[in-house]
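Visitor: For this one, chain A is given, so just place chain B on it according to the hints.
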Amino acid sequence: MTYDSTQSPYIVLNAIRKGYRIGSETVPIFSNLDLEIPRGDFVAIMGPSGSGKSTLLSMLAGIDRPDSGSLCIGTCLLHQMGEAARTAWRAGNMGIVFQFYNLLPMLNAAENVELPLLLRPLSSKERRVRVEKVLDLVGLAGRGNQHPKLMSGGQQQRVGIARAIVTDPPLLLCDEPTGDLDRKSAEDILGMLRVLNKEMGKTIVMVTHDPQAAQYASRTLHLDKGIFTEERRAAR
Amino acid sequence: MSSNTKQAFAMITASLLSLPRRISVSLSMVFSVALVVCVLAGFLSMAKGFETALQSAGSQTVGVVLGGGTNQETGSEVPSSIIRTLNAMTGDIGIVRDATGMIRSSREIVVAVDVKSGDAGTNRTLALRGMEAAGPGIRDNISLSAGRLFTPGSREIVVGDRLARELGFNVGDTIRLGESEWTVVGHFSAQGSAFESELWADFDATRAAFDRQGQVQSLRVRLTEPAALSVLRAKLATITGIPLVGVSEADLYAAQSDRTANLIRLFGWPLALLMAVGATAGALNTMMNSVSDRIVDIATVRTLGFSRLSAFLGTWVEAMLIAAVGVLCGLALAWLIFNGWQASTIGANNATMAFQLTVTGGVMLNSALLGLLVGALGGALPAIAATRIPLIAALQSRG
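So the sequences go chain by chain: A and B.
The opening residue of the first sequence carries number 1 in this note's numbering; numbering runs sequentially from there.
The opening residue of the second sequence carries number 1001 in this note's numbering; numbering runs sequentially from there.
By construction, these hints were calculated from the structure, which means they are not laboratory data.
Here the structure is a predicted model, which is why all the values come from computation and not from measurement.
Just so it is clear, CB atoms sit at the ideal spot from N, CA and C, and this is done for glycine as well.
No false leads were slipped in.
Ranges between beta-carbon positions, derived for each pair:
{"#": "1", "chain 1": "B", "residue 1": "Leu1266", "chain 2": "A", "residue 2": "Gly82", "range": "47 to 57 Å"}
{"#": "2", "chain 1": "B", "residue 1": "Arg1388", "chain 2": "A", "residue 2": "Gly142", "range": "33 to 43 Å"}
{"#": "3", "chain 1": "A", "residue 1": "Gly92", "chain 2": "B", "residue 2": "Leu1266", "range": "55 to 65 Å"}
{"#": "4", "chain 1": "B", "residue 1": "Ile1023", "chain 2": "A", "residue 2": "Ser49", "range": "32 to 42 Å"}
Excised from the complex, chain B in its bound form:
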């Protein structure tokens, strides 16, 4: 070990061993750093949870045909005759066909419905998705977790697991949606994705119940492979009338998730940074207090021949270690409070979308780095001050 390293190590040891003398002010720094880390981790885990819910809903091998000049299901309108038109096309159109040569597709419509929830009887707006019988099968990672699928033409719904848990919808329950009663006949799992925030029902029954006859918002199709989307787009471009666009389901949900997740981050980062500025001021105060408390000790070892660098490191490393303790506390707190927390927001169809907050490695890393930055910046100035202690005055201050 070099002399510089030994000096620094001795200074850091002495600094840390003297911490009990400054326990309350050091704990306040731990607390403020922990708060910054916890708040940022909360926001980032919210954004991450939202992204995960939406992105996992989308598949690259499922195409969505939208019409009316929009890239979202909301406001989209596709001609009712779309299936006939596509079926009539010969050759490869990028869509999987069944044994009879018909394309694997599902016309769909999403209706925002108010549902009374909980004992308080408050209204929740949910997304009721009407789809054709092939709809569930076209999607990836969907499985029935209870009951059965809806029967075509009947007022039956299957409920996403997350929604069923949250609102207590059991198989056999009757729920009033709009002017009519609907029976819950099953629950489905979508591996925690955004689909689990939806109610699924038969396409025609939904259109009839909500007076949307003749309306089709989107057409979901099973692509032969992810690259087949470009083939489908080329075919859609040949259809005259309403302009149609083809997007992958993954891209459709990624676009939705980006907007909201970015909005969450847009709130989270400035708030966390503002708090970090406050915490840095607190850290600065704590470490100035540390230097002031150790001023004679620092002056003494500097008189013995210790370098300025060791005086700097003794203070700066103490700040970093206190900040690190704050980071660990903040992350532990964030994990306990936020990880797995069920949250909900208004999704793309103006309906409630439930998602789960996820404190991932990336979330922890970003939050930890901000916490350590507080320690690094808050400790730097006092550490520089420690190197510039006037030795004579400091030595004379004892006694």
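The shape of chain A in the complex, shown without the other chains:
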């Protein structure tokens, strides 16, 4: 699937304001942020530390809310939803890939991947089939019994991606997914994200510091001091 600018946007941020209170003062992150991301797009967000990348990703993930403005993903108005509703929304609509994988160390790879499926009305057999399928998809077939501490960083991130896509969510959020990996592993992971975007139609928003990682996206947005300063589209 390729990006089509004529499509109606899947993610719409409108006039977002967000700040953090430090003592009695509020430090503004976003004063008036607008953003539209069509369904099936692969967007990389770059910018220096403190530019608001992680805050933006947290809002897209529904674990943080804007102070004002509207945040709409699909048909859901996240800015109006309470904590419990956003938790339920996360379970059904998005997968998240963390920089440091965030695998539960006491569980093996398959059990980690199975976690989001526990939120679905599936039998254990159905869950096992899905887990095996996604582990195969990320190149870890037969490694389900392995514990994360016995895996390389690249393998752990593959488990992280498998966990993010096992429920087949339309949206994939990636927080520096290659930030802790060597170049070769990083390329494997980014290649995998591109496949998920192109072949499975996942909408991907990836925060990264790495310009080479951003090249895998179809669109790169530069964020600085809470505003988008530059946009670059990849050649079709």
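Guide: Chain B only, in chain A's frame:
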């Protein structure tokens, strides 16, 4: 299985599987809960053992006539002529009569005597009960386990099994009681009840040896049936002179046991509760440590869509399970240390009363509930904290 149950189960599993990371602090919680349970079980088993010893001594079909305005044998005084008076009464007076029409009764007196015991030769105060020949037969559940009963008029004693074991009184031994020597002629069993802490001797020989001529402390009678006590009371009310009361032997010992058992509990519960407060603080610390240790894991699964309830249960159930292990250890310890332990205290006649600590089901239940309460309270606050982890800060704390 519903989604909530599966989430909770996954969180609990992850929580328990991560326990080896926190083994020392978790073991300290197990230890403190075990200590609370063990101490409470110790006190309760003491109270229970004391109650059992006294309550099993009493029978509802044995009446005790007391005089002088007291409900206890200590301080009671019954006129010597009491038997004549009761025998003279016609009709049903609630007391069993023998073939000759005489009532089945035993006048009794209890004297506190000092006895040298053990190799150290320390003095123990024991209860020497003088009774008439019918005395042992009136009581329920009494049997001779060795030797024979005392001969009327002689300075012979039969010793309760528990006392004989504890002080090493063998049949044929001579013991100095007061100014005179007494010969042990038998042992009796009272099925572990308080009677086994007594020395029994002839009524007149006891009165003569201790200069108590003319004194009668109580009259034990065999009632025709438990309900006959009210008939006896009515008859006693017609006797003028010293006011007399009739109580069942069971009630007499129950009253004695209640006072002491309640006193033991009065010490035991506050001590155990104080320790429980300390253990709860320890549990709180342990579980806060657990939440802190798992903060990224909890934040991660919450980000994946796990509910607050599952985060709560993951922590709270861990606390309850650790407390349960502590409870099991505490109960096992209490059983090994206390169950069957022979203890003694000063009984109603200012004499030593031996009893056996008993870790019963009730004792275990009460102790276990206190231990689990420590886990429930100590785990609740950290479990609530687990539901309120700020996800963004927790996720950023890795790396």
